[in-house]
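**Student:** Below are the chains, spelled out letter by letter.
Number of protein chains: 2
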Amino acid sequence: MSWSIYTNSTDRKQLALEESLYFTGNGYIGIRGNLEEENASSDSIVGTYINGFYDDVPIPYGEKMHGFPDYQQKLLNVIDPQSIVIWVGTGEDREKLSLLTGKVVDYKRALHMDKGFSERYIHWRSKQGHELKITFKRLASFKRKNLFFQQIFLCPVTKNIPIQIISSLNGNVTNYTNPNDPRVGNDASKRLFVKHMKQQNGQSYIELQTKVSELSVAALSELKVHHDHVTYNHFMQNGELISKATFVLKEKTTIGKRTFFADTLRYTNLEQTLGLAREEASVFSFFDIQTEQQDYLASFWKKTDIIIEKDHSLQEAIRFNLFHILQSTGQDGRSNIAAKGLSGEGYEGHYFWDTEIYLLPIYTMTNPEMAKKLLFYRYSILPQAKQRAYEMGHSQGALFPWRTISGTECSSFFPAGTAQYHISADIAHSYIQYYLATDDVEFMKQAGAEMLVETARLWMDVGHFTKNSFRIDAITGPDEYTCIVNNNYYTNVMAKQNLRWAVKICTFLQETDTECWGKLKSRLNISYKELDCFEKAAQKMYLPVDEKLKINPQDDTFLQKAKWDFKHTSKDKYPLLLHYHPLTIYRYQVCKQADTVLAHLLQEDEQSEVVMKNSYDYYERITPHDSSLSTCVFSMMAARLTYLDKAYDYYLQAARLDLDDVQGNTKDGLHMANMGGTWMGIVVGFAGMRIKESGLYFRPQLPTKWNKYTFSIQYKGRMLHIIMTKKTFTIELLKGSPLLIHVWDKPVQLINKEVITNSVSRGMLNGKSIYF
Amino acid sequence: MSWSIYTNSTDRKQLALEESLYFTGNGYIGIRGNLEEENASSDSIVGTYINGFYDDVPIPYGEKMHGFPDYQQKLLNVIDPQSIVIWVGTGEDREKLSLLTGKVVDYKRALHMDKGFSERYIHWRSKQGHELKITFKRLASFKRKNLFFQQIFLCPVTKNIPIQIISSLNGNVTNYTNPNDPRVGNDASKRLFVKHMKQQNGQSYIELQTKVSELSVAALSELKVHHDHVTYNHFMQNGELISKATFVLKEKTTIGKRTFFADTLRYTNLEQTLGLAREEASVFSFFDIQTEQQDYLASFWKKTDIIIEKDHSLQEAIRFNLFHILQSTGQDGRSNIAAKGLSGEGYEGHYFWDTEIYLLPIYTMTNPEMAKKLLFYRYSILPQAKQRAYEMGHSQGALFPWRTISGTECSSFFPAGTAQYHISADIAHSYIQYYLATDDVEFMKQAGAEMLVETARLWMDVGHFTKNSFRIDAITGPDEYTCIVNNNYYTNVMAKQNLRWAVKICTFLQETDTECWGKLKSRLNISYKELDCFEKAAQKMYLPVDEKLKINPQDDTFLQKAKWDFKHTSKDKYPLLLHYHPLTIYRYQVCKQADTVLAHLLQEDEQSEVVMKNSYDYYERITPHDSSLSTCVFSMMAARLTYLDKAYDYYLQAARLDLDDVQGNTKDGLHMANMGGTWMGIVVGFAGMRIKESGLYFRPQLPTKWNKYTFSIQYKGRMLHIIMTKKTFTIELLKGSPLLIHVWDKPVQLINKEVITNSVSRGMLNGKSIYF
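As given, the protein sequences belong to chains A and B, one line each in that order.
Per the numbering used here: the first sequence = residues 36 to 807.
Per the numbering used here: the second sequence = residues 36 to 807.
Same shape as in the complex, but just chain A:
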């Protein structure tokens, strides 16, 4: 149940949306669900992406100031492998198979999240009376990262149908431009140029090079019709490599098209790489590859699946979200998860803090090896982050770019970009969480300690001591409706953790591995005095509580501003950023998204229950959730405060955001961070899981409408299975040694399986707080 999504819509206006929803990827390549049989139309956004493959595009400025980046990286739409046009009939009467012409007797599209492929089935009758059934299948192989495999299955209904297949490998590619948006010129969209192309032994090979970054991408494609009497014809024209296959369809016939991708970010000899990849895969049929795929996914789902009993709609959404996250996750240590994954070009394919705060927790808790790859990506761009800190006038430290692909800052509007210094603390937080969940000391020695020290150094340079406190001025917190402020609570509390953990990890290494510590200390030039300063700054970190409201002010002046007049703001004025000048928005108490509320979610031990609850109540009233990163956080924090109905309502809003195209922009790509929030909403939200230095914590609750949810996590080499029902909260230790955990802050010794009967169900029903 709920392992597939389906559509039978032939509505052209839904096309671009479906292309995002049905995209197939494997973390290296991502191919939008464009229709094989159609040429691109204005309804469609044609896209094939390679994770982290970009060009540098000059950023225009009306007034450019010192330190503004000159170039923005842009994820490129690379060689298009998808097109397979089918002509039916001969001579002047021949007809192109299409959903737009002839008679579509039946049509269905599916994406199978357990099997890892998508398919489309068309039962079609031509005007001339030819009738046939076609199934297109496609997958991006998780085990063979270079391979995109398409299969066409033709089943004749009428007899002897003359068929011509025209398959293309197209190097004539540009990035998507909106014809209604004149600001995006051709210069910004045409970034790839043919370097080399050839056809040989029925194989098409093409290599493109970028305009500025001087990276190359190549594809090798091969069409095979499994039919006894086929005439092939291969030719090249204008950057496109065409293979024609002509035959008469008399019985069920299978056609395979394999396209292999490689790029110079990862490989030195592209042609050789692709030749080898083709060679290795050549003995396997689509069925073989798909079986591999299913095995891969079985392992994934075993670790990562969440089951919500008897709620098909949510169950579908959760699996859909997790599957697309997997499809978008770079697993090679040199790529990451873009804001839109590999599903579209929104946000130029940039990596943001979304990974660390909304997505990494999934991998950290279910697949630490993949988490480590993502953490290594950040470590790989540490040199650029140190360089950026220098460019921004800092004498030390690492300032990670607000948005980037290969590590340089790509934000061209700094108040809601570069100024979001918190990303450095967010990255530090993800390292700390990973360490607490895995005890992976080797990783901390290899990368983690250095990352924590260099990010901590940034805070020492950005912030300053006053008599009684350590303060951080002129930065922007997560809420982009309030920019360039002093002492943003979120930033300060995250920086505090960052500073403290830089000291902790150094102290730990000093105590446990003097040789490693000696080397690190010398290489990074760490002094004990410096560590003392980190500790002092953490201790003195300014974290004010408004005495009257008993909340944490978002920043030094936030509470002094007038409140936004929501009463007189009509619905069509949201999201506000599309209808008001930033300055107008900055003038009021209005939050684009969770800010202080997110700080409480991540650092709950920094404040009392009362302050967190009051803050939630306060900020909820002034947050229209104009960012897709907001509702999942409010859901989790509502759960934390036992506002269970609220938690459930927010959860619903978040879970199907893309499936139901709630924001109307899923055509530009899926909202990855929000998707991550769906997993977190259960595990961190309803189950109340926290990873702390003192161990693993749960505060389990069950929304009244549900009967049960289950999920698994990994923790310090163990595998735990969690089952929450109306009556019991059960934790099974599937693998690993016994463990002391905390449930509703009470210690529970987990040896094999603990079934905790509780008053949860009653608590749920009346919506009050629950105590064990």
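In case anyone wonders, no lab produced these hints; they're calculated from the structure.
As the structure is a computational prediction, the values presented were derived from the model and not from experiment.
By construction, the Cβ of each residue, glycine as well, lies at the ideal position given by its N, Cα and C atoms.
Worth double-checking, as some hints may not be accurate.
Quick partial rundown of chain A residues pointing at chain B, CB under 10 Å, derived from the structure [unchecked claim]:
1. Gly498
2. Ala509
3. Leu612
4. Leu618
5. Ile757
If the Cβ cut is set under 10 Å, some of the chain A residues that face chain B in the computed set are [said to hold, decoys possible]:
6. Ile94
7. Gln235
8. Lys596
Let chain A serve as the given structure and place chain B on it in line with the hints.
**Tutor:** Frame of chain A, contents of chain B only:
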């Protein structure tokens, strides 16, 4: 003495600088001092401008947000009338007269501020042995705004010199682009295209049209050689109209070139307009026109000149500055004074608050009719200011653009642009000052009252009441090193005056002219309740004093930030904005320019002497004066606080800023606001003149190095002449009825001439405060 500036430099590297310093203009046209005999070179910036004549150029953005302007207006370099190339000799041996070839026996350039023309004298010997003396004169006629008149006087030293004059009227024009700055593309620089050109009866006529704004500019030019045997030859090529004149130079010969300009902002039929202007001027020789010019300037200097006895360097600077201000001042009610006047293209020829705060006081006090023209310009763009307020999300009021030509916002970096809401209060301030200095009730009825009400309405919408105060959030004050703040002291105190005067003027009209009031009230839909709200907001305006420091904080959080580390900032790091990212600068207590100090200069009655003094001391330490608008304010405020030596030092820094090219960028145009500050430095600074509701005030002082200064002002129909010496402060009432004034806050009845003997000289010598 000190009526002319001179140079005999032939250094090409000084060329662009000299072109600014020696430019000639009349408030309508401005022509840089390009060399007639040379073609443009990379050392030169060729420029001819018409005040307010612009094209709209698209503004590029990396990330564009709601309300960001789409277009920026740009003052255009229009038809070039200057070129007059002189060939000496015949055939292949002929040589081009040039400072670069042959032998320059003598060379001198001059600008005559009393006579209103510039000239260059060249004594030249060609390689072939021809020797002659040439004088080029040029003027832009103040009385005939369309006319630019060049005269060449040729005096042969050797006999029978074959001469060919090649005069050009060039429509092939682009705006200046720096070849080292790739951001300024051709699209931004080539904005004018030939619409029509012809030659007829020895006259050249050309009309150009802009690319986007669809404005046209035309020029009519005529070359006349006063010689009995001249052969003329006229032809057109590639957007250029050429007139050749060939003759043999046997005796002193005069050549005249008259070029007339007109544009469709002011005229409907350009060709007819120019024909008439030519006709009217045709009977007058260069001498006649220059005599007119001198009469005009005699009247100007009589009203405006400041004399500082026996300080040639400063005297020269003051006259130079005043003369160039006059040359740059739009006098037609539809143009203004650009940041660089009509001397260059810096700041795209935009009008800023510079006019109201740094330049208008001169005209208000010496030439109220011209002040009124400048005020009418602002009134003419009131509709756009109301529209802009609406675009920025305000339900009412007028938000004047931070930089503009025809009234639309042209700022593309809003934190240091649009966010400077204070410009609306600055404009209101200039209306109030004009009214207080002139009693021009008619003008207030016609425009002033409406301007005060509409600007006051802006503050009501931007600001908000809290329990005890009225606050203004999310704006930027004059100091661009601190952006988007709450309760900038300058803005609040200026808004307070704005609000209060909107009420005052309405109350005055209500009491004195019920018909006028009735009409205004109805047309602007003013209610008494609204006026009460204005008054209440003014009363409650939040103007905090820091209790400990006893200063006005620049804004709500300014004093909490760390101080900039001036000690470790090397000299080559100034101005900071060219070496640090804005965010880094925002993080510290460091001021680009006078902010709170300027507020005290303009609104001295809002604070105690102690707070003003402490504030001055505090902000002086953290202000590197990276803006040319700063030192003159510090000079005036130092004088106010009787820091006489400081006042003098700052005055010196300001006065010769352009003449000595202190900032190294005078080649891009003269710094008009700073030039205005030179007049203000004497009148408002050393003489301590203030115009208040309660009358005219002086606090005269004399720098120890001076013996005497004198100047004249007009006040409510009177003309006053002021003479300050070491021993006496004398005020002569040259015209008008008796008047009660205040000198050092003591009332003085001025009937004819008051000579106040004082202790000033002693006070000066020991640098202490002076009391009468």
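**Student:** Now look at each hint and say whether the structure bears it out.
**Tutor:** Going through the hints against the structure:
1. Against a cut-off of 10 Å between C-beta atoms, the interface hint on Gly498 (chain A) holds, since the closest Cβ of chain B lies about 9 Å away.
2. With a least beta-carbon distance of about 4 Å to chain B, the hint placing Ala509 (chain A) at the interface is held under the 10 Å criterion.
3. Here the hint on Leu612 (chain A) is kept, as its CB sits about 7 Å from the closest CB of chain B, short of 10 Å.
4. Hint on Leu618 (chain A) holds. Least Cβ distance to chain B is approximately 6 Å, under the 10 Å limit.
5. The beta carbon of Ile757 (chain A) is not positioned within 10 Å of any beta carbon in chain B (closest approach about 42 Å), and the interface hint is therefore violated.
6. This hint holds: Ile94 (chain A) has a C-beta 4 Å from the nearest C-beta of chain B, less than the 10 Å allowed.
7. Taking 10 Å as the C-beta contact cut-off toward chain B, the hint placing Gln235 (chain A) at the interface is violated, the least distance being around 42 Å.
8. The beta carbon of Lys596 (chain A) is positioned within 10 Å of a beta carbon in chain B (closest approach about 5 Å), and the interface hint is therefore held.
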